[in-house]
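Chemist: The listed protein sequences derive, respectively, from chains H and A.
Numbering-wise (the numbering used here), the first sequence opens with residue 1 and increments by one.
Numbering-wise (the numbering used here), the second sequence opens with residue 1 and increments by one.
These are computed hints drawn from the structure, not numbers from a lab.
Please read all numbers here as calculations on a predicted model, not as lab measurements.
Don't take every hint at face value.
Said to hold, decoys possible - Just the calculated beta-carbon pair ranges, DEER-fashion: (1) H/138 x A/76: 46 to 54 angstroms; (2) A/195 x H/13: 43 to 51 angstroms; (3) H/144 x A/11: 50 to 58 angstroms.
Said to hold, decoys possible - According to the in silico footprint, chain H covers these stretches of chain A (three or more CB under 8 angstroms from chain H): (4) 66-75; (5) 96-108; (6) 119-125.
Here a beta-carbon is modelled for each residue, glycine too, at the ideal position from N, C-alpha and C.
Listed here are the chains, written in short residue letters.
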Amino acid sequence: MTAVTLTTDLPPLAARPWWRQWGALRHVARLRAAAMFAYRNTMLLFLGVSIVQIFMLKKVWGALYAARPGVLAIPLADLIVYLTIANLIVWSFPTHTVSRYLRERIREGSVVFDLVRPVGFVPQMVAQLVGALGGSLVIIVIALPVVALAGSLSLPAGAQAAGMFAVSLLCAYGIAGLLSMMLSMVAFWTLEIDGLTMLYVLVASFLSGALVPVAVFPGALRTVVEWLPFQATTYVPASIYVGSLTGPEAWRAIGLQLAWVVILGLAAALMWRRAMRRVVVQGG
Amino acid sequence: MIRVEGLTKEFTRPKRQTGHFAGLRTMATREVERTTAVDDVSFDIQSGEMVGYIGPNGAGKSTTIKIMTGILVPTSGTVEVGGVVPWKDRQRNALQIGVVFGQRTQLWWDLPLKDSLDLIATLYRMPPELYRKQFDRFVDMLDMAEFLDRPVRQLSLGQRMRGDLAAAMLYQPRILYLDEPTIGLDVVAKATMRDFIEEVNREHGTTVVLTTHDIADVERLCSRVILIDHGRVLYDGTPAELKLRYAPHRTLVVRVAGDGEQTDPMTDADVAAFGAEIVPDDGADPDLVRLRFEGGRTAASDLIAALAARYSIADVSIVEPDLEGVVRQIYLRQGLPE
Numbered sequence: 001m002t003a004v005t006l007t008t009d010l011p012p013l014a015a016r017p018w019w020r021q022w023g024a025l026r027h028v029a030r031l032r033a034a035a036m037f038a039y040r041n042t043m044l045l046f047l048g049v050s051i052v053q054i055f056m057l058k059k060v061w062g063a064l065y066a067a068r069p070g071v072l073a074i075p076l077a078d079l080i081v082y083l084t085i086a087n088l089i090v091w092s093f094p095t096h097t098v099s100r101y102l103r104e105r106i107r108e109g110s111v112v113f114d115l116v117r118p119v120g121f122v123p124q125m126v127a128q129l130v131g132a133l134g135g136s137l138v139i140i141v142i143a144l145p146v147v148a149l150a151g152s153l154s155l156p157a158g159a160q161a162a163g164m165f166a167v168s169l170l171c172a173y174g175i176a177g178l179l180s181m182m183l184s185m186v187a188f189w190t191l192e193i194d195g196l197t198m199l200y201v202l203v204a205s206f207l208s209g210a211l212v213p214v215a216v217f218p219g220a221l222r223t224v225v226e227w228l229p230f231q232a233t234t235y236v237p238a239s240i241y242v243g244s245l246t247g248p249e250a251w252r253a254i255g256l257q258l259a260w261v262v263i264l265g266l267a268a269a270l271m272w273r274r275a276m277r278r279v280v281v282q283g284g
Numbered sequence: 001m002i003r004v005e006g007l008t009k010e011f012t013r014p015k016r017q018t019g020h021f022a023g024l025r026t027m028a029t030r031e032v033e034r035t036t037a038v039d040d041v042s043f044d045i046q047s048g049e050m051v052g053y054i055g056p057n058g059a060g061k062s063t064t065i066k067i068m069t070g071i072l073v074p075t076s077g078t079v080e081v082g083g084v085v086p087w088k089d090r091q092r093n094a095l096q097i098g099v100v101f102g103q104r105t106q107l108w109w110d111l112p113l114k115d116s117l118d119l120i121a122t123l124y125r126m127p128p129e130l131y132r133k134q135f136d137r138f139v140d141m142l143d144m145a146e147f148l149d150r151p152v153r154q155l156s157l158g159q160r161m162r163g164d165l166a167a168a169m170l171y172q173p174r175i176l177y178l179d180e181p182t183i184g185l186d187v188v189a190k191a192t193m194r195d196f197i198e199e200v201n202r203e204h205g206t207t208v209v210l211t212t213h214d215i216a217d218v219e220r221l222c223s224r225v226i227l228i229d230h231g232r233v234l235y236d237g238t239p240a241e242l243k244l245r246y247a248p249h250r251t252l253v254v255r256v257a258g259d260g261e262q263t264d265p266m267t268d269a270d271v272a273a274f275g276a277e278i279v280p281d282d283g284a285d286p287d288l289v290r291l292r293f294e295g296g297r298t299a300a301s302d303l304i305a306a307l308a309a310r311y312s313i314a315d316v317s318i319v320e321p322d323l324e325g326v327v328r329q330i331y332l333r334q335g336l337p338e
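The following block holds chain H by itself, in its conformation from the complex (with noise of 0.2 angstroms):
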């Protein structure tokens, strides 16, 4: 038997930790901004969807001022924009496709390619979720005259808002693209996560706000609401956004987003450690 030489059989290239590897990671993330065009029929009849539905709550709200003026704190015109704003932010949370993806790499099995990569997987997964988020921003911008015809848009409240907003902003994809990958890879387990994904969708997007502010549901309701992710996904940047969170409370809901970036990050952490203990790759 002869002993394999440990030294001069090293390989020429060393390992790298991601944080080394960005020429590789912003070309996974390009690549899946390109795949999402090659759907771009079905990303338009999702974002189409999506205007009707913001056309939908412009009218059902702009009915309910009318019927009982001032039901809410914030003014119709305002209200409108939010609502705008929270459901194009919900529609470009890349939930779907990422799911989809790493759904049917599990079950076919070919996620053994995507395991014997020099590049780790998570990475590989957050660099997906950016290139696909990427992809519907731009989708948005094109598709940007429709939705103000259908809803409404107008600049933020003003220069710092602005600037909070886009701070609130990333910290929500944080939280969404998290949240997102704790749900795939629930595949890891169940193989099968397209009805979980649609129930997720669903009380994600009423629970974040998208549909009705969050600062209007009843007690019970709220306090859970507030103890959940989903608002800080939507709600907060949204409402930053219009100027109806300003000041110190814009602060603190803009800690709390850390926090769950924080939280949801360590869970993922572990899922993904666990996930990787029992995977049983499909098939062969």
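Starting from the known structure of chain H, fit chain A onto it as the hints suggest.
Modeler: Chain A in isolation, oriented as in the chain H frame:
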């Protein structure tokens, strides 16, 4: 290059319950079933070797490959690939291996083939000029020019497999795991794949581990066969030795000249002296006689000379046992013949 010692992998799954609410009870149960997919497997593979890793379905081939690629962690035993323990040092292992799973693809389904190859070059940090050189060469060798810009989902199986093979070898990995790379391909496509694998092995000294159900792949490419079944190694050696050991019989096919003269039919007694026996005839052609003899013990020339002395012979040919037949026998018996 690859050292595997005492490798064992057990899978546990909840014991499936039967009767009422079987599904629910299966979920709730704590009882587990153990199956041993790989059972105390050991082998050494030298740098540059091409090894056929064969066995019937469910023999444990893919499990072994998955352990060697670092995807699965074994229950016990040691594995070293190029000085790296695959599952402990996934990334370093990943940089030196290329993988093809014939039933799956590593290409991006919705994007042109070229996009996937570009990404591979980035992931494995290929210098641009090297990538361009390899790319041109592979496109030429595998004849991929006409479908490079087509989304992978529109490719035929043969085209897709060529793309997958290119993706696995582009960055010149030192070790290549090919899990059924020719599955479902037509004869021409198979030949292209084999030629390509052979050339890459010859040029770069790539170590190749090939699992396949097409024994022709092994005969064409491999100088060594490891045969496993029920997770155990049954045979490890050259294909020729496998044939010699387990199918020593060659067949002499004799066509007796039907020149009108009545010849007595040959009997076992006539040929027994030469250590040969008559293969029972299917009766289709009365002039054709098949004699089975052992290659090592009987010289074919003696047998022919003896026959020629008694009969007038029109034609003679010798049929060598093929590996396919040997392997079929082994699979059917679920073990090696004694």
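Chemist: Please write out, lowest number first, the hints stated earlier that are contradicted by the structure.
Modeler: 2
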